[in-house]
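Novice: Sequence:
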Amino acid sequence: MTLILQLTIFGAKPTNTTAFFRSGQVFLTWNEVTSGQKYVIYSSASPITAGDLITANIRHEVIQGSAGSKLLARTTTNNASNLHPTIAWDRMPISAVDPSGPGVSPEVADGVGMIVLTTHQDGAYYYAVTAVVGGIEDKTVDAGNMVGPINEIVEDPAPVLIWQSDSMMARFYLQYLDVDSFNPTIGGIYAWPYWVGVNQNYNSTTDKKPVRLLLGGYDGQAQNLRDKWRYFSEGIEVVPDEQGNWWFGYSQTWAYDTSKLGASNGNAGTPTTGPVINFVEARVMNFMKYLMLVDPYYSSRIDSNRIHILGGSMGGGGGILFAQNYPDFFAFCRLGVPPTNYLEVGVWTYKGNLESKWGAYDDDNMTMAFAGWRSEWLNQKYKGMPVHRFVNSEYIVQGLEGIDMPFINCTSGALDDNVTWPLQGRNYYAQLDSSRRAWGGSVEYNSGHDCCSMSDRWDQPQLWTIRKNNSFPAFSNVAKNPTFPIPDAPTANCIYNLHLIWSTLYYKVGGYQNQVDQTNRYEIVIASYRSNYDSLKGNDTADVTPRRLQNFVVIPGEDYIVKNTAVNDTNQVYQIDTITADTFGLVTYTGFHVMAGNNTSGGSRFIMAPLEPITGIAPTAETSKKRAIQACPNPFNASTVISINGQGHEGPLEFKIYDLKGAVVKTLTATSDRGNYSCVWNGTKFPSNVYFVQVAISDAIVNKKIIMIK
Numbered sequence: 001m002t003l004i005l006q007l008t009i010f011g012a013k014p015t016n017t018t019a020f021f022r023s024g025q026v027f028l029t030w031n032e033v034t035s036g037q038k039y040v041i042y043s044s045a046s047p048i049t050a051g052d053l054i055t056a057n058i059r060h061e062v063i064q065g066s067a068g069s070k071l072l073a074r075t076t077t078n079n080a081s082n083l084h085p086t087i088a089w090d091r092m093p094i095s096a097v098d099p100s101g102p103g104v105s106p107e108v109a110d111g112v113g114m115i116v117l118t119t120h121q122d123g124a125y126y127y128a129v130t131a132v133v134g135g136i137e138d139k140t141v142d143a144g145n146m147v148g149p150i151n152e153i154v155e156d157p158a159p160v161l162i163w164q165s166d167s168m169m170a171r172f173y174l175q176y177l178d179v180d181s182f183n184p185t186i187g188g189i190y191a192w193p194y195w196v197g198v199n200q201n202y203n204s205t206t207d208k209k210p211v212r213l214l215l216g217g218y219d220g221q222a223q224n225l226r227d228k229w230r231y232f233s234e235g236i237e238v239v240p241d242e243q244g245n246w247w248f249g250y251s252q253t254w255a256y257d258t259s260k261l262g263a264s265n266g267n268a269g270t271p272t273t274g275p276v277i278n279f280v281e282a283r284v285m286n287f288m289k290y291l292m293l294v295d296p297y298y299s300s301r302i303d304s305n306r307i308h309i310l311g312g313s314m315g316g317g318g319g320i321l322f323a324q325n326y327p328d329f330f331a332f333c334r335l336g337v338p339p340t341n342y343l344e345v346g347v348w349t350y351k352g353n354l355e356s357k358w359g360a361y362d363d364d365n366m367t368m369a370f371a372g373w374r375s376e377w378l379n380q381k382y383k384g385m386p387v388h389r390f391v392n393s394e395y396i397v398q399g400l401e402g403i404d405m406p407f408i409n410c411t412s413g414a415l416d417d418n419v420t421w422p423l424q425g426r427n428y429y430a431q432l433d434s435s436r437r438a439w440g441g442s443v444e445y446n447s448g449h450d451c452c453s454m455s456d457r458w459d460q461p462q463l464w465t466i467r468k469n470n471s472f473p474a475f476s477n478v479a480k481n482p483t484f485p486i487p488d489a490p491t492a493n494c495i496y497n498l499h500l501i502w503s504t505l506y507y508k509v510g511g512y513q514n515q516v517d518q519t520n521r522y523e524i525v526i527a528s529y530r531s532n533y534d535s536l537k538g539n540d541t542a543d544v545t546p547r548r549l550q551n552f553v554v555i556p557g558e559d560y561i562v563k564n565t566a567v568n569d570t571n572q573v574y575q576i577d578t579i580t581a582d583t584f585g586l587v588t589y590t591g592f593h594v595m596a597g598n599n600t601s602g603g604s605r606f607i608m609a610p611l612e613p614i615t616g617i618a619p620t621a622e623t624s625k626k627r628a629i630q631a632c633p634n635p636f637n638a639s640t641v642i643s644i645n646g647q648g649h650e651g652p653l654e655f656k657i658y659d660l661k662g663a664v665v666k667t668l669t670a671t672s673d674r675g676n677y678s679c680v681w682n683g684t685k686f687p688s689n690v691y692f693v694q695v696a697i698s699d700a701i702v703n704k705k706i707i708m709i710k
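Quick note on full-length UniProt numbering: the sequence shown kicks off at 1 and runs consecutively.
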């Protein structure tokens, strides 16, 4: 009799269970029971009875108070006084704000539990929610705790618009992650806020805008947000939130301490099971994909050639990782006091913290895998690599010499005992130089962690004009740079490359505001000027390597004539040489004399042409405002992943591969995966060469130059 009485006392069943489907996800809510310990969510393709409450049908489990959000509570604390309408969240909202006006989404009510589940297979599904009280699960099922059928389709989940400012110039989105693959034990969080702000004329103009992705310092909190742009009035400012995972990721399988929000992992120990997945990068890239391709307010206004990163400290190191992991996505990165070697270095301030996320510094069994938008080439190139090796950017950048990356501008402080100099940063600068990167940087001899992480003191003068679809020169072995290695304790500021400028369509050098970037001819003007707060440098000498060439074709092993001439008289030749392109498909002019100059006068004209011009007919390039072919890696050895955004296109797409004579050497067919079309070209049977990929899609014919190097 006593046993029966206990069952009656502890038996409890959720009521008022509701569910709705939106954009690839099911949003479930229910009224919680008194003294509930956890809730078990079951799913089935048919109506659920008590007999269906078996392990095989369990979809997920959550604790009492599952709608609570420590992260949103922190967001409220950090920003509520600045935002109008006022936010007051400590529980998650699930209803979207009407985008036509200001508003704030109400949080799920106290006493209501919730879970958001991502759909993995099209179909109609039923859900049941049971409660565990006193260690006993009540497996009663009725209309109060069972709901369905819910018609579901697999598609990219869209973040929920949960706030829009009175000025209509700022928004909060809440991104619900897939709890089946993104480990939700990291802080007990699977819903992440993003703030997006624009300037006053956004709603009265139609021009394309640049995008700044702001990566905050440790532990990544989004703070001091406003009703409109904060620090970037020129375009669209995107501010994700973080909680101490170094803008990178964490183990997929390790049980972290769910009670710990922010920096520490608490007493959960050092992970010994993986893989470690770039979950933070993945969710940020998925959010960027939504903004660029789907969101009706932003997608038509984003200039995909002007997306850049601003980051300091943890955000600086995160920016380096984003740049190397998505080398063809960003135009440039401006980074302050970045960590550059997280685990394969001596003891530094955060090494123990990092091990609590990624495993021991020497654990070869903790390996990498990758997720999210544009992760195909990462899995192809790095999956299975030990984590401690992958997060050593000083090592990784060496192996990417043949891959074009964003322009990198970075600053370190020689007195930094936080991101500890010289253990962090010192070797990275040397590797940027030796791998012929387009970069500029400085080390302040008398500054610490606060040195210029967000100021413009040591900006490259034309940094903000750099676009992804313009080439830029990489300067290395520059005579007037300080020598490498940088001293452990420099006695003067060490400033690299910041005095060197080059011409583009958007930046004038020597009176010339253009570039010639054609199949058989390349021209730019470069000059030795000064950094923002430095004195004039005068004439200089550097090794010059053109990077991010758009149309000029470089074939490994072929010869190219490179001239150094007067800017306005190409018959006045200062230097000329015939240079053989190396195995990376790079042409480097060693010891190029860079004449002193500024925006209106002086400088040197860099002219490059093949010794044997290409006479074949390559496919004619067309531009599309919405489409761009991506190839990762590029250059590549044998195989590369080719993809294009196919939103709005119906049916399969053909990717045609052309050689330099204009002959089709391969045709690949791809079908849509939630609007993205991708395929792998394995060119093992083809010679090293330059090829062109062409796709005929609904609104354009789009081409991409790719280079195979074996």
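It is worth saying that the hints were derived from the structure and are not from the lab.
In this text, all values refer to a predicted model and were calculated from it rather than measured experimentally.
C-beta atoms are modelled at their ideal positions from N, C-alpha and C, and glycine is treated no differently.
One thing to keep in mind: the hints can contain errors.
Listed next, the in silico BS3-like pairs over lysine-lysine satisfying Cα-Cα at most 27 Å (straight line) [said to hold, decoys possible]: (1) K704 with K289; (2) K351 with K260; (3) K666 with K685; (4) K666 with K381; (5) K209 with K480; (6) K704 with K685; (7) K685 with K208; (8) K381 with K656; (9) K38 with K383; (10) K480 with K563; (11) K661 with K704; (12) K260 with K70; (13) K661 with K710; (14) K656 with K666; (15) K260 with K38; (16) K710 with K381; (17) K704 with K383; (18) K70 with K228; (19) K685 with K656; (20) K228 with K209; (21) K289 with K381; (22) K704 with K666; (23) K289 with K710; (24) K656 with K710; (25) K351 with K70; (26) K70 with K381; (27) K289 with K208; (28) K70 with K38.
Computed spacing ranges between beta-carbons, pair by pair [as the list claims (entries may be wrong)]: (29) L415 with T55: 53 to 63 Å; (30) S167 with K661: 35 to 45 Å; (31) A492 with N82: 33 to 43 Å; (32) A109 with N82: 21 to 31 Å; (33) T15 with N305: 48 to 58 Å; (34) T667 with A109: 52 to 62 Å; (35) G648 with T465: 30 to 40 Å; (36) N305 with N637: 26 to 36 Å; (37) G538 with A430: 18 to 28 Å; (38) L536 with D559: 32 to 42 Å; (39) T541 with V664: 40 to 50 Å; (40) S81 with A109: 17 to 27 Å.
Novice: So, for every hint listed, does it hold in this structure?
Specialist: Hint-by-hint comparison with the structure:
no. : hint                       : result
1   : K704 with K289             : 20 Å, holds
2   : K351 with K260             : 18 Å, holds
3   : K666 with K685             : 11 Å, holds
4   : K666 with K381             : 23 Å, holds
5   : K209 with K480             : 36 Å, violated
6   : K704 with K685             : 20 Å, holds
7   : K685 with K208             : 42 Å, violated
8   : K381 with K656             : 24 Å, holds
9   : K38 with K383              : 36 Å, violated
10  : K480 with K563             : 22 Å, holds
11  : K661 with K704             : 15 Å, holds
12  : K260 with K70              : 9 Å, holds
13  : K661 with K710             : 20 Å, holds
14  : K656 with K666             : 6 Å, holds
15  : K260 with K38              : 19 Å, holds
16  : K710 with K381             : 15 Å, holds
17  : K704 with K383             : 26 Å, holds
18  : K70 with K228              : 25 Å, holds
19  : K685 with K656             : 16 Å, holds
20  : K228 with K209             : 15 Å, holds
21  : K289 with K381             : 22 Å, holds
22  : K704 with K666             : 14 Å, holds
23  : K289 with K710             : 32 Å, violated
24  : K656 with K710             : 21 Å, holds
25  : K351 with K70              : 26 Å, holds
26  : K70 with K381              : 36 Å, violated
27  : K289 with K208             : 17 Å, holds
28  : K70 with K38               : 18 Å, holds
29  : L415 with T55: 53 to 63 Å  : 57 Å, holds
30  : S167 with K661: 35 to 45 Å : 57 Å, violated
31  : A492 with N82: 33 to 43 Å  : 41 Å, holds
32  : A109 with N82: 21 to 31 Å  : 26 Å, holds
33  : T15 with N305: 48 to 58 Å  : 53 Å, holds
34  : T667 with A109: 52 to 62 Å : 56 Å, holds
35  : G648 with T465: 30 to 40 Å : 32 Å, holds
36  : N305 with N637: 26 to 36 Å : 27 Å, holds
37  : G538 with A430: 18 to 28 Å : 25 Å, holds
38  : L536 with D559: 32 to 42 Å : 36 Å, holds
39  : T541 with V664: 40 to 50 Å : 45 Å, holds
40  : S81 with A109: 17 to 27 Å  : 25 Å, holds
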